[in-house]
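Turn these sequences into a full structure, and let the hints steer you where they fit.
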Amino acid sequence: MTKKLSAFLYFDAESYFEKKILLAMQSEPLKNENQEIIGSKYTGIVWEDATDYGDQSISNIGDTYKVKVVGKNLKKIDSPSEVKLINPTGIVYGEYRNQLSVSAEDIIFITEDTK
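In the working numbering, the protein residues as written are 20 to 134.
No lab work stands behind these hints, which were simulated from the structure alone.
For glycine and all other residues, C-beta sits at the position ideal for the given N, C-alpha and C.
Just to be clear, a hint being listed does not mean it is correct.
To be verified - Simulated crosslink set (DSSO-like; lysine-lysine; CA at most 27 Å straight-line):
#, residue 1, residue 2
1, 87, 39
2, 87, 50
3, 39, 85
4, 60, 39
5, 50, 85
6, 95, 85
7, 38, 103
8, 87, 38
9, 94, 60
10, 103, 91
11, 38, 85
What the hints assert, rightly or not - Computed beta-carbon distance windows for the label pairs:
#, residue 1, residue 2, range
12, 127, 80, 18 to 26 Å
13, 33, 116, 16 to 24 Å
14, 112, 81, 17 to 25 Å
Quick look at the structure:
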């Protein structure tokens with residue numbers, strides 16, 4: 020059996036999130052294996068999905084993702100807020116390749132002033 024094929028799979032996170040509205044629902048510190056805080060982790064939900072999957076019956080509305088942001092201070096979330104991921108990256112994993120691990124350089128909270 021060939022090993023480490025997953026290291027050669029590329030996931031275009033920029034394109035994947037481009038036509039989605041993502042709402043951040045929760046934030047928490049991101050910790051390493053020694054329980055030291057190394058950044059922030061946000062739970063987001065896909066609120067709208069206008070991505071063309073080649074099949075109109077497919078949508079990822081309602082999917083949730085944990086977004087890891089290393090080296091950035093935690094931004095408190097009082098209520099669901101629309102966010103934009105800065106330079107997101109993703110790794111597809113799982114037996115059926117249906118799981119997604121997401122990281123980003125930063126996360127920006129969208130307000131009426133920034134739309």
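Hint check results:
1. 87 / 39: holds (18 Å)
2. 87 / 50: holds (10 Å)
3. 39 / 85: holds (15 Å)
4. 60 / 39: Distance of about 19 Å is within 27 Å: holds.
5. 50 / 85: With a Cα-Cα distance of about 13 Å, the restraint between residue 50 and residue 85 holds, given a limit of 27 Å.
6. 95 / 85: holds (15 Å)
7. 38 / 103: Given that 27 Å is the threshold and the Cα spacing comes to 11 Å, the pair holds.
8. 87 / 38: It holds: about 20 Å lies between the C-alpha atoms, which stays within 27 Å.
9. 94 / 60: It holds: about 9 Å lies between the C-alpha atoms, which stays within 27 Å.
10. 103 / 91: holds (15 Å)
11. 38 / 85: With a Cα-Cα distance of about 18 Å, the restraint between residue 38 and residue 85 holds, given a limit of 27 Å.
12. 127 / 80: 18 to 26 Å: With Cβ atoms ~21 Å apart, the hint holds.
13. 33 / 116: 16 to 24 Å: holds (19 Å)
14. 112 / 81: 17 to 25 Å: holds (20 Å)
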